[in-house]
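Spelled out, the chains give:
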Amino acid sequence: MAEQPLLEATGVAKRYGAVSALKNASLTVLPGEVHALMGANGAGKSTLVKILTGAISSNAGRILVRGQERDIRSPAKARLAGLVPVYQEPSLIPDLDVLSNLRLTRTPVEPFREWIKELGVPDLDLRELARDVPLAIQRVLDLARALAVEPDVMLLDEMTAALPANLAERVLDVVKRQSQTGRSVIFISHRFVEIAALCDRATVLRDGETVGVVDIAPGIEERIVELMLGAKVEKKRVALKEANEELAGHAGSTRIAVRNLKVGTKLHDVSFDLKDGEVAGVVALEGQGQDELFAALAGSIRPDGGTIEVDGKPAQFHHPVDAVEQGIAYVPGDRTEALAMQQSVRENIALPFSAAFRNWGPIRMAREGATVQNAIERLQIDTRAQREVQRLSGGNQQKVTIARWIAADARTLLCFDPTRGIDVGTKQEIYKLLRQLAEQGKSVLFYTSELEEVQLVCDRAIVIFGGKVVDILPVQIADEAALTRAAYGLSRDSKAEVGVLAEPHSAPEAHP
Amino acid sequence: MSISTALPEQAPLGRRIKRFMSDYPLVPLLILLVLLVLVLQMLSPGIVNQRWIANTIKFAIPLALLAGCQTMTMLTGGIDLSVGTAATMAAFIVATQGVMYDAPTAMMIALIPAVIIGFANGIGVGVFRVHPLIMTLGTSLIGIGCLQVYQRTVIASGAKVPEFLIWLGTGVTGGFPNALLLFVPVAALLLFIQKRTGFGRLLYAIGDNERATRLAGVKYWQVILALYMLSSILAGIMGLLYIGLIKAPSLSLAEPLVLPSVAAAVIGGTSIFGGRGSYTGTIVGALILTVLTTLLTILQMPEGARRMLFGAIVLLVTAAYLRIIEDR
Numbered sequence: 001m002a003e004q005p006l007l008e009a010t011g012v013a014k015r016y017g018a019v020s021a022l023k024n025a026s027l028t029v030l031p032g033e034v035h036a037l038m039g040a041n042g043a044g045k046s047t048l049v050k051i052l053t054g055a056i057s058s059n060a061g062r063i064l065v066r067g068q069e070r071d072i073r074s075p076a077k078a079r080l081a082g083l084v085p086v087y088q089e090p091s092l093i094p095d096l097d098v099l100s101n102l103r104l105t106r107t108p109v110e111p112f113r114e115w116i117k118e119l120g121v122p123d124l125d126l127r128e129l130a131r132d133v134p135l136a137i138q139r140v141l142d143l144a145r146a147l148a149v150e151p152d153v154m155l156l157d158e159m160t161a162a163l164p165a166n167l168a169e170r171v172l173d174v175v176k177r178q179s180q181t182g183r184s185v186i187f188i189s190h191r192f193v194e195i196a197a198l199c200d201r202a203t204v205l206r207d208g209e210t211v212g213v214v215d216i217a218p219g220i221e222e223r224i225v226e227l228m229l230g231a232k233v234e235k236k237r238v239a240l241k242e243a244n245e246e247l248a249g250h251a252g253s254t255r256i257a258v259r260n261l262k263v264g265t266k267l268h269d270v271s272f273d274l275k276d277g278e279v280a281g282v283v284a285l286e287g288q289g290q291d292e293l294f295a296a297l298a299g300s301i302r303p304d305g306g307t308i309e310v311d312g313k314p315a316q317f318h319h320p321v322d323a324v325e326q327g328i329a330y331v332p333g334d335r336t337e338a339l340a341m342q343q344s345v346r347e348n349i350a351l352p353f354s355a356a357f358r359n360w361g362p363i364r365m366a367r368e369g370a371t372v373q374n375a376i377e378r379l380q381i382d383t384r385a386q387r388e389v390q391r392l393s394g395g396n397q398q399k400v401t402i403a404r405w406i407a408a409d410a411r412t413l414l415c416f417d418p419t420r421g422i423d424v425g426t427k428q429e430i431y432k433l434l435r436q437l438a439e440q441g442k443s444v445l446f447y448t449s450e451l452e453e454v455q456l457v458c459d460r461a462i463v464i465f466g467g468k469v470v471d472i473l474p475v476q477i478a479d480e481a482a483l484t485r486a487a488y489g490l491s492r493d494s495k496a497e498v499g500v501l502a503e504p505h506s507a508p509e510a511h512p
Numbered sequence: 001m002s003i004s005t006a007l008p009e010q011a012p013l014g015r016r017i018k019r020f021m022s023d024y025p026l027v028p029l030l031i032l033l034v035l036l037v038l039v040l041q042m043l044s045p046g047i048v049n050q051r052w053i054a055n056t057i058k059f060a061i062p063l064a065l066l067a068g069c070q071t072m073t074m075l076t077g078g079i080d081l082s083v084g085t086a087a088t089m090a091a092f093i094v095a096t097q098g099v100m101y102d103a104p105t106a107m108m109i110a111l112i113p114a115v116i117i118g119f120a121n122g123i124g125v126g127v128f129r130v131h132p133l134i135m136t137l138g139t140s141l142i143g144i145g146c147l148q149v150y151q152r153t154v155i156a157s158g159a160k161v162p163e164f165l166i167w168l169g170t171g172v173t174g175g176f177p178n179a180l181l182l183f184v185p186v187a188a189l190l191l192f193i194q195k196r197t198g199f200g201r202l203l204y205a206i207g208d209n210e211r212a213t214r215l216a217g218v219k220y221w222q223v224i225l226a227l228y229m230l231s232s233i234l235a236g237i238m239g240l241l242y243i244g245l246i247k248a249p250s251l252s253l254a255e256p257l258v259l260p261s262v263a264a265a266v267i268g269g270t271s272i273f274g275g276r277g278s279y280t281g282t283i284v285g286a287l288i289l290t291v292l293t294t295l296l297t298i299l300q301m302p303e304g305a306r307r308m309l310f311g312a313i314v315l316l317v318t319a320a321y322l323r324i325i326e327d328r
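Chains A and B are the protein sequences, given in the same order.
Take the first sequence: its letter number 405 is residue 405 in the working numbering, and every next letter is one higher.
Take the second sequence: its letter number 204 is residue 204 in the working numbering, and every next letter is one higher.
Calculated from the structure, these hints are not laboratory results.
One should not assume that every hint holds.
[Said to hold, decoys possible] These stretches of chain A come out as covered by chain B in the derived footprint (C-beta under 8 Å, 3 or more residues):
| # | region |
| --- | --- |
| 1 | 33-39 |
| 2 | 255-261 |
| 3 | 466-478 |
[Unchecked claim] Keeping only pairs whose Cα atoms sit at most 27 Å apart, straight-line, the calculated DSS-like set for lysine-lysine is:
| # | chain 1 | residue 1 | chain 2 | residue 2 |
| --- | --- | --- | --- | --- |
| 4 | B | 219 | A | 313 |
| 5 | A | 262 | A | 468 |
| 6 | A | 275 | A | 313 |
| 7 | A | 313 | A | 468 |
| 8 | A | 117 | A | 23 |
| 9 | B | 219 | A | 262 |
Quick reminder that beta carbons are idealized off the backbone N, C-alpha and C, glycines included.
Using the sequences and the accompanying hints, generate a full structural model.
As structure tokens, then:
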């Protein structure tokens, strides 16, 4: 193509210590195109976007804007170069009115007014404090603020996620028209429907590398899913665990029944059962409501609608203690959320024992010591540095968070991505432990961002997309490909039936 | 974030000493205390005798009691600035009510304001989440105001400190101050609470990571309410002891000890950010401050210079101590 790209990034890499968030990413955006940036969780999308908008700086790589190398090492400089982001979270300062927010970024007011009218918010008082503006409208204001400075390349991160349908339509419409004026948009979304309607091309990232650039055409979503998964697509389909099949036959009685659960704007309508003696996987892309689901089940936040039944009785959780007393324990993915870092391994494991007022008295040290030791041995925690949990390795810390509830003999564990960022050996131990718990008749709800874990650990997979359960896959077919398709809201049955991009006649053109 | 431990025998000597200090944070404090006493003995030979020791302990005990309040609240990341008021009110009331009632009744009455202040602090901090610094400062001012009003109503009736309290505050039996009869059980109780009870565990855990305790099923307000009431009552008891020592009730009796009590806890290794510390360290911290005061007194400096030196030494000691025991 003779056309000079508006934005051209090649060989972009970013390391955090020993971890590579981005290895070799490239992205070329042509004038007047809407370009989708796609990739599974942790593929490096947000890292790339942050580099392009100056929020973080890269370790390597070249970024050209209109063929020239530009300094974009701070958000202000990136703006000057014509790269303007609209992030997932509202970026207006809540305690300033809208007008002051505009001044802060030197946004011209008149174009801004035009754009918010265009976007379907005609009657907005610019003197209103940003915190009083509804969340969905704030997102639209963010967009209008970006549009008003007429950027060459606008980066939209999950723009439509929190919008009601009518606003979303207007937004997509405006974005589409934006591209007709010769400007470009980089569009990040998990929704194939929007991508099909809006985008011209898509760049696919996997494990920090650009693995393909495809033109959007009917039927392309299969190709994109393949690219996102890479070589993993075919090989896993056969690897099934015998134990799982055995277990599927005689699952226990219903432990937790969730019906039509609704939490805030993220979780709309979730229903499923968790049975005694099973590990139920939860699979979702980032921000599909899984955090809210776990928080509601753990008693951390109150649902806005729907019911939770525990052992057949309706339950209302006002405080995590209500869930704990029903034997439901939440193991957060972020270890710093669950551990008292300066305390010893023993004190961390024994923490739930003294939680209730009636247990504030003298501790029976011998009995507590035995229980704790038991849990430590069960999880094989390396106790050489047990005086302070913060001296332990990440994997050992994660084990402590689980050991606490083994010691407390919780009947149900809600594990939120417990294997994130820990070593392979510890991961295996955690898998084994969760299976053992299920065999003892306990139940585990297991959210994971690493899809291959589902077939290693779970009995079935509950897939959540856009705040709703879109599919429940039996483990036999829950390989990475099927899960990825389901997580993007695509139907599991057959490729032909995939409806969102309609007629399957033209073959997709791919530039790997 | 994940620092794996090296085995001690592989580490160089400096590192091993640091690790040792970190594991036994009391050792450097005791060394400092002994050093101070030695300096004192050198500057004024013969001053360190049994009588001096008894006297030092006698004056260190009220400070150590107030510092106990700070240690407990600081473990949760809080602070209790109302201890001065709770103590002063208890002292003032016991002296004035002592005219009309017998000693036990007067003491019970004297502790009532402390209970009320502690309750208010606990509700404010635990339920309404007011910052402890502000909450306890507020109740402290309100309490002193109430005491001024109360003073006018009793101004005619005079004051009488119960004999028992004078005996306890000033008496020495067989070379030991009688105040130890109160202090040793109280200190043992505080240490037991910190190390061996569920409540004590929760104090450390809340100061370390409140969110984690919530997920483990801990109700924050319950712990905080109990904590601030305990702190206030302890301050009230200190007030009773202190009036026995000073014997002259006033509206600012214990106030000068409030900030030194915070200093004693900090010097003793309690982190103001919570989660770390122990009452044993605080006791040594109180002794260090008391000896330091004596030391500066015999230097015969002008008052201003003495205070400057006191402040500078407290700062230096705290900074140096944290460097020694932090194992990073």
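*Determine which of the earlier numbered hints do not hold for this structure and return their numbers in increasing order.*
Hints 1, 2, 3, 8 not satisfied by this model.
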